[in-house]
Amino acid sequence: MIKLLERFGLAAPLKERTRKGMPVWGTCMGMIVAARDVADLSQPTLDLIDITVRRNSFGRQIASAEVDLPIPVLGPQPFPAVFIRAPWIERAGPGVEILASRDGHGVFVRQGNVIGSSFHPELTQDDRLHAYFVALAASQKAAKSA
Amino acid sequence: MLKGGVIMDVTDAKQAVIAQEAGAVAVMALERVPADIRKEGGVARMSDLKKIQEIMDAVTIPVMAKARIGHFAEAQVLQTIGVDWVDESEVLTPADEKYHIDKEKFAIPFVCGARDLGEALRRIAEGAAMIRSKGEAGSGNIVEAVRHMRAIRDGIAELTVVPREELVARARDLGAPLEIVREVAEKGRLPVVLFCAGGVATPADAALMMQLGAEGIFVGSGIFKSEHPAKFAKAIVDATTHFSDPQIVMEAQMQIAGAGAMHGLDIRQLSQEQLMSVRGT
Chain E
9 MIKLLERFGL AAPLKERTRK GMPVWGTCMG MIVAARDVAD LSQPTLDLID
59 ITVRRNSFGR QIASAEVDLP IPVLGPQPFP AVFIRAPWIE RAGPGVEILA
109 SRDGHGVFVR QGNVIGSSFH PELTQDDRLH AYFVALAASQ KAAKSA
Chain V
0 MLKGGVIMDV TDAKQAVIAQ EAGAVAVMAL ERVPADIRKE GGVARMSDLK
50 KIQEIMDAVT IPVMAKARIG HFAEAQVLQT IGVDWVDESE VLTPADEKYH
100 IDKEKFAIPF VCGARDLGEA LRRIAEGAAM IRSKGEAGSG NIVEAVRHMR
150 AIRDGIAELT VVPREELVAR ARDLGAPLEI VREVAEKGRL PVVLFCAGGV
200 ATPADAALMM QLGAEGIFVG SGIFKSEHPA KFAKAIVDAT THFSDPQIVM
250 EAQMQIAGAG AMHGLDIRQL SQEQLMSVRG T
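One line per chain: the protein sequences are E and V, in this order.
So the mapping is simple: my numbering equals the position in the first sequence, first residue as 1, plus 8.
With my numbering, the residue at position 132 of the second sequence is 131, and numbering never jumps.
One chain only, chain V, in its complex shape (with noise of 0.2 Å):
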């Protein structure tokens, strides 16, 4: 229901409603955004719940909290307040080094990030209903997005043309179970739906993502982050749904010229304790 729409990072129900008014499909409820995780340190936990309550009544489309990697009882409690996603995230600090949520136990469903094929694969083993890039939350630069996209659709391609009979020691090298890479490898696709996350900072980004095969776009700190977050908003959301008509795309970019993108980061720069697409595989 959400392909090849805007999930949109929000604080507070009126930046939620500013995402509803631009077309969002959905909305993220979090404490900060990751930008300002970045800047701010400290634990990044779940979102205040008067805070994720005042969301939920202030829009009519799907609302989604992010719970820490492995942190079961922030998702339980996510689940009960009534959220329609949970998004188990690196962005937030981990609170299990080790293990992700076992998500089968859940009514509702997770979405979870991942690098390449391998992490994707094990996350819907575990029960993840959508799979996300992870990117590099919080950057502004679009290139980790772009590499772990490419990883995931480039190992979707190659079990599709691999025998038969290799599909178990790739699913041994992928660390993923073995029906479930036969089932990518027989349809080409993983089995939930595919979204970019983590960088998106223009609607160029956008359409770039959605024309390397994302089914949807999650924007966090590129929006609210700008200087005219309506403005990004709405631009972000006419460029990923006419991502193939570069008009579009220009008129969309257009839209937010002089508007102030994010100011972004480079990812080289950062040290490995700087990166969040490292936490949790």
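Okay, chain E solo, but in the shape it has when bound (with noise of 0.2 Å):
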């Protein structure tokens, strides 16, 4: 993905257009783009939020499943994380909200204008994480234009 982003063009107008306050939300492998860096691994990343992920981290395909995830920001129902060969966030800087955790790791993470999340929402019905960014981008245009 990051390859294919710098082999054409993409990577530099995305971080610059993200730094001016694009809202951006990057799951699973999105999310690992996303990152500030991979453990482990020298792989080139956008750094557009101040984590660090280690990739495959819940297992190969066959640890593959769907959770209950308690999100607080999202209400008091559980939200149904598909998680698919995800990356789990290792460190989080200062900045970065951790708002929902599996197995004692960050999995959904929010800094300013950018969220990331290790599970894949657009795979069930529940629609509450799509709302949630939806919200934080008309707050940010609001704020642009205020």
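Do not take every clue at face value.
Stated by the list, open to error - Facing chain V, from chain E, some residues (calculated, C-beta under 10 Å):
(1) 49
(2) 67
(3) 69
(4) 138
To be verified - In silico DSS-like pairs for lysine-lysine, Cα to Cα no more than 27 Å straight-line:
(5) E:11 with V:186
(6) E:149 with E:11
(7) V:2 with V:230
(8) E:23 with E:11
(9) E:11 with V:13
(10) V:186 with V:38
(11) V:186 with V:2
(12) V:49 with V:38
(13) E:23 with V:2
(14) V:230 with E:11
(15) E:149 with E:23
(16) V:49 with V:97
Unchecked claim - If you anchor each label on the Cβ, the simulated ranges turn out as follows:
(17) V:274 with E:80: 52 to 62 Å
(18) E:52 with V:103: 39 to 49 Å
(19) E:15 with V:79: 35 to 45 Å
(20) V:162 with E:120: 46 to 56 Å
(21) E:28 with V:157: 44 to 54 Å
(22) E:73 with V:124: 19 to 29 Å
(23) E:147 with V:262: 51 to 61 Å
(24) V:168 with E:49: 48 to 58 Å
Please keep in mind that the hints were generated in silico from the structure rather than gathered at the bench.
Note that CB positions come from ideal geometry on N, CA and C, so glycine has one too.
Bring the two chains, given one by one in their own frames, into a single complex with the hints.
Here it is, written out as structure tokens:
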């Protein structure tokens, strides 16, 4: 993913737009691409959010699972989170809020206009995370025009 | 997740790393690439487990491995060692001439080949999570993949326009369960992703198949039977990603200019016994 972003000149504009406040949401591989760095790998990233992720940390395909994940910012009802060869967050910088954890590791984080999730919300019918992102985008826009 | 990506056949860890570096979304571990299976003959089985383990250790992207058609014990072994996907593949020598694996029984997903809509829907009914065209593996000739992709897409298009009362008879003719036929008729697509496989040898081949409706590409012998695998791998990824932009496909094709694409075979000169795509229906 990062290889193609670099090869076709998208990495620099993405970083620039994000720095200017464009709302960004990385899921699974997208969160890895958005992270500052990757544990034990010298893989390049976009460094949009101050976290270190570990790839495939919950296991291979066979360990993929849908878990009921408590995400307080989305309300009391747990969120059906689909983890597929998912990364976890090994380190989060001081500006990063950890909004959900699984097995003691962050799996949903936010730093300003950037959010990251280890799991795949697009694979379930629960749209609360999408609504959360849309609300984040709307508040960014309001802040900009204010 | 693999959508829009290229999955490459590899026979060892070194090739897997080349594939990953080029931007493959997954690798397919197998004992010999189809072109060699074709040439050397003999029984083609699931890959050597040591090789599979080495490949899994060498890359961070998903690792697929092939099991023989109907050989559920090979598939069980592959699931147990930890591969991410199983390809129940006609490229290997079939273990069962009548039945495919009951894929519902497994926790990991399966990909299966198909030549037409009926075959695709039967595999989905058995539990396949991805369908790929069969093409004619190891031929370096795209003609069969085109035939299969068009047949599958035409079959889908037809279902979307026939009156609902015809669907029972259509299901009978297709040899596929009615519920899945109804779902395809309503949605105008398969309930799983549709990739292309079998005969992709150049970036333009990949762009052709993507424009014909493939959602991703398998490249078998096309990469490691070319003279410059790393160049071919990268060029095919570029062309697949930007399949609708002839400028980028041209540049991808330029990257491999003079780099020696694999030598292809004329399918019409193959005997019935040499065809892999007719294995398993």
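If any of the earlier hints don't hold here, list their numbers in rising order.
-> 4, 5, 6, 10 and 16
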